[in-house]
Amino acid sequence: MAKQYVSTTINGETTEFLCETQQTMLDVLRDVIGLTGAKEGCASGDCGACSIQVDGRLVCSCLMLGVEAAGKEIITVEGVARGDHLHPIQQKFLEHAALQCGFCTPGLIVAVKALLEENDNPTETEARYWLAGNLCRCTGYDKIIRAVMDAAAVIREEKASA
Amino acid sequence: MNYIDSNLKVVGTRPLRPDGVDKVTGRAMYSADTRVAGMLWGKILRSPHAHARIVKIDTSKAEALKGVYAVCSAADFPDIPSEEAFVGEGPMNFRDLAMNVMARGKALYEGHAIAAVAASTPAIADEALALIDVTYEILPHVIDVEAAMAETAPLLHADMFTQGVDPKPTKPSNIAKVVKFKKGDIDAGFKDAEVIVEGRYTTQPVHQAYIEPHACLATCAADGQVTIHASSQGHFMIRAYTAKLLGMEMANIRVNPAEIGGGFGGKTLIYIEPVAVKLAQKSGKPVKIQMTREDVFRGTGPTSGAVVEVKLGAKKDGTIVAAQQVLKFQAGAFAGSPIGPGCMCGFALYDIENIDVLGYDVVSNRPKVAAYRAPGAPITSFGVESCLDDLALKLGIDPLTLRVKNAAKNGTKTHYGPTHANIGFEQVLAVAAAHPHWNAPLPAGQGRGIACGFWFNIGGESTATVHINEDGSVTVATGSPDIGGSRASMGMMVAEVLGVPAERVRATIADTASIGFTHLTGGSRVTFATGMAATQAAEKVVDELKKRAAMIWEITPDAVEWRDGQAFPAGTNAGAFEPLDLATLALKAARTGGPVNAEVSVNAQGAGAGFGAHICDVSVDKETGHVTIERYTAIQDVGKAIHPSYVEGQIQGGAAQGIGWALSEEYIYNDKGQMENPGFLDYRCPVASDVPMIEAVLVEVPNPRHPFGVRGVGEVPIVPPMAAIANAIRGATNLRMPNLPISPPRLRAAIDQAG
Amino acid sequence: MSSLSYAAPSSVDEAVKLLAGTAGLAKVLSGGTDLLVQMRAGRMKPELIVDVKKVPGAIGMRKENGAWIIGASTPGAEVEANKELTADWPGLVEALDLIGSTQVQGRCSLAGNLCNASPAADSVPAMYAAGAICVVVGPNGTREVPVEQIPAGPGRTTLAKGEFILEIKLPARTARSGDAYLRFIPRTEMDIAVVGCGVNVTLDANGVCTAARVSLGAVAPTVLLVDECAKVLIGNKLDDATLAALDKAAQAACKPISDKRGTIEFRTKIAGVLARRTAAIAFDRAAGKTTGKAH
Amino acid sequence: MPKVVLSSGSSMQALTGGQTEFEVEATTFRRLVLELEQRFPGLGKQVEEGMAVAIDGEIFQDAYGAVLHPDSEIVLIPKIGGG
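Chains as they are written, first to last, in the working numbering: chain A, 1 to 162; chain B, 1001 to 1755; chain C, 2001 to 2295; chain D, 3001 to 3083.
For the record, the hints were derived by calculation from the structure and aren't laboratory data.
Virtual Cβ for every residue (Gly too), placed ideally from N, Cα, C.
Be aware that one or more of the hints could be misleading.
[Unchecked claim] The calculated DSS-like cross-link candidates involving lysine-lysine, where the alpha carbons are at most 27 Å apart (straight line), are:
(1) K3/A with K1061/B
(2) K3045/D with K1180/B
(3) K1066/B with K1285/B
(4) K2237/C with K1622/B
(5) K2248/C with K1622/B
(6) K3003/D with K3079/D
[To be verified] The following residues of chain D were derived to be distant from chain B, with all beta-carbon distances above 12 Å:
(7) M3001
(8) Q3013
(9) F3022
(10) F3040
(11) I3074
Chain A with its partners taken away, still in its complex shape:
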């Protein structure tokens, strides 16, 4: 079966790959490109562990075909840190102990990034509903939400002082 050629941008790098039509973007990231940060928890869009940004918009990479990546700007968890230092969201997740097993964390980091890009001052309720598609079985969400609110504050300060 002829594979499809795709040229795209992943975490700022121009990336070319070959994939089969039925391979999802998640399959491509993990099995073709070797970016295993995005996780497969369900492959049906119900857990959010595979969350990525496509042209800035939050999506489940398991609900997108690899071929659809052509010409898009894709951000995965591997592309969130700012060079050699952590993004405030990552820093706050660590400070608040907002992870236990850490398997849902990559998806959450990307989902929170998308949230704070759209709204840097969410209420607790807004944050909880925005993240309803990111299942976490370890934490009960408490520390995750605290980390989100704290990271939002940092990002607002950064903007103010910029």
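Guided by the hints, dock chains B, C and D onto chain A, whose structure is given.
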């Protein structure tokens, strides 16, 4: 040495976890993240039938497919004899385990593994599975526990005769075991009682629902040596079970522990590892097996669903004088539900003179149950704590006061034998009574509930090594998979003993070939038992460092004192020397006798039992039956919190899982015995918007049997939520909801019925 | 093994040719939030996937003398970001917003939700209530079809081979009009609707209803447009008597099944509850009272 | 002599012919296991592999070394695992 009352510098603080950065940047390697060149994809064919005789398995078409390198079924595995052993978690019959990993003769539940293939791509593997031709003779099936107990029920195992009844039965049964516990004289107790309440409660099986599906990668060298990369709650468990099922020597299997994406007890068993090894042996290539979410739901173990009958008798003043329980636990397709702990935990919280508990371990055509957080305790306590609430109501006594009046204390003899020692239940109840939540006025229309929980916690075998690196930094390695941040607590205990900052100590998990045996991560044992080993290893290192300093100063080791990461002369008559720090001593290690390391193995005893009390407020939409958790507080005796954030996290996570168990999680079967909701869409775990902030209140009653006073914390928090929520719903609606989950259709129906 | 091909045409003609020209099953890909799951589960085995998102008109929104024309493949998140559209059709936008998670919002589309033809689809009852018109393109050119004529049954539509929905038209808003959509689910998010209800009303200066469309989801093989409920509203204010009659009419219209998501009894009762609650929001909006989210 | 109590939950009365309490001459748990096996064939093995014991109130799992006193009470209970 004991540090409980010493002035601690590291333990009790909240440093960043050592493995944190990898996990927030996507670098951490979980089971499915490992891949090697030339790797094949293994997939497993599962039974579509709940109960069927396997007449024939024809794999010829699959084997002929291009890209398929190996196919296997039960015929490829040794037919091992029935043998009880306690290698991992709970008594395990290896014949049952083998037959669960690959069905032999009969498929006992929908999702039971029948055969497996290894192919060059996942797509080819899927195609190959479709080409395997299995002839089934469909048999009548049974799903529900009481139906399975009936004389006329379809039998799963012709050779299963109920254990624990005298005389030994002559007819086989689905009842694997009967368990009885007695204390005092139950009949006299009820005669003595002035008030009696009883209830019948049911709970649904619930899945641990770790977000990481089971996965492993097996490679097999020409000389028969096998390497397995897998995440689990015990890589030594994987080695032992895989060796047993394949008839291999343990030394020929090396298991590398991948990061684990949640387990909660569900990864204390194996499902795919022997299959991956077998396929690797047959194909001569590395084989990776990765379960789908549907595989996880259909093929792996939830905890038992159950029927729980409770009868309580009390004096008017609230003294409980008689307590009786009958428990019927689903074990799934093979014997071994947590009926033992189920029978022990419910009444372990209270000082009651007369107790009678009867438990049944019952097989039916469901996946074999696996451990899930305090196995058995949440089920039994849902019944007991709900019934206690009704008793309080009938007595006109505040439900917390009733629990205080009857609370178990040090010296209370339990109905299963042990006497409680060093427990903190009274302290927990006192904190609950004084807590602002318990004393806050209840908003109109809301209900407030309280319930308590108990778990033994265990110790057991652990190994830890501490290395002083050449530059004076420190590494601690253990054999305990880190499921929730234990690397942080290991590093902190070692740092405390060495007198260095937490950041100076790196904690890792060593593979089965690189460290001594360590029992799996479960039973809330790691911070207690492995922590004990790590602490003792650090102490040995300190003794060695003192010797080295003594050698440098030419004085006797007992004239050296270790403080704040440095060696000092002990007093003036020891001589006047500049203190020697870790870096200096490490630098001189070669001259003073070589590397400074220590390894300690323990079989830790004296694990301290844990008690918790949860308070929750709910509001109920009486038109839809929808329940909202408005406020939630979880109070628990944690002994000593090494890293308080991760202790709070355990409690918050356990409470949230309990909220799902109470309100929304359940297995839905059709009349063919097939699960209808094998995915996160319709198996409804709580999402972020379903739960409020969960206030975790840490009560610290130190366990004198641990150097830092640690007692296990991971399991207690899932015990109280179901009853706490049901009790709150009763407060809001005046309805006792005895059946879980308390879903909107159930609650609306109950509201309509009450009129 | 079965080969699957993919095309992303840049014109209607090209897309129609591809869809009509395939011997086997050809599927239109908009957001793919249903299609990819069905393919993964093996329930759907297409030969060709036609990604129509590059077709002019498929993505984006515009207002033409009061009427909104929405590209049928526009991701929910993009539709929700349009403040003016949200002001005109808050109920429809909220319904779209209820499909799946934030992640799903980044992909899911009105056409996908409609053509997946699930009776429980959240945006469909809202489109029924709004009186939306589908612009269908195909081998025989373009035709405009009322939205309620698209679903034929669970998983089936009335679209002919080679046809797909390019745009969704919403009629121009008249004064004192408002719409709302509510659904009931066991959790607060991420579930499929057990019952869904859309209401769209126009009031006179005294708050008396002059026009109404009421729809119910997940209580029959397809979403229902319930005239009996509309009749109850028209000519009345939303007083207790009207609410009671609306509840009764909604329950009477239900022909649900019992399944893993709800029983016949429960669905029927909830349909009545939601009809009342949704109507209350729609009336408030028509009267210019609230603009806040309904959930 | 230390007293052994079979908590009925141990479901081992079958091996002891219904006896639930008896005295055993032993100063360590190891000796106890050997004595039990000798007196009730199968019981010692069962205790070793499937059981935990409460010695004077404290639960031990795999504790050969545990010391028994003349007045010790040893209760045999199911082994405890956990999640």
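Any Cβ of chain B at or closer than 12 Å to I3074/D, or is the non-interface label fine?
At roughly 9 Å from the nearest Cβ of chain B, I3074/D sits no farther out than 12 Å, so the non-interface label is violated.
Pairwise hint evaluation, K1285/B against K1066/B, where the allowed Cα distance is 27 Å at most
holds, 16 Å
Non-interface claim for F3022/D, where every Cβ of chain B lies beyond 12 Å:
holds, 15 Å
Would you say Q3013/D is clear of chain B, with no C-beta pair closer than or equal to 12 Å?
Violated, because the least Cβ-Cβ distance between Q3013/D and chain B comes to about 6 Å, which does not exceed 12 Å.
For F3040/D, is the shortest beta carbon distance to chain B beyond 12 Å?
Given a closest Cβ separation of 14 Å, the condition holds.
Taking 27 Å as the top limit, are the C-alpha atoms of K2248/C and K1622/B close enough?
holds, 18 Å
Check whether the Cα positions of K2237/C and K1622/B lie no farther apart than 27 Å.
holds, 25 Å
Least C-beta distance from M3001/D to chain B larger than 12 Å
About 18 Å separates M3001/D from the closest Cβ of chain B, which puts it past 12 Å; holds.
Is it true that the CA of K3/A sits at most 27 Å from the CA of K1061/B?
holds, 26 Å
For the pair supplied as a hint, K3045/D and K1180/B, is the alpha-carbon distance within the 27 Å limit?
holds, 21 Å
Please verify whether K3003/D and K3079/D have alpha carbons no more than 27 Å apart.
Within the cut-off at roughly 20 Å; holds.
Checked against the numbered hints above, the structure violates hints 8, 11; every other hint is satisfied.
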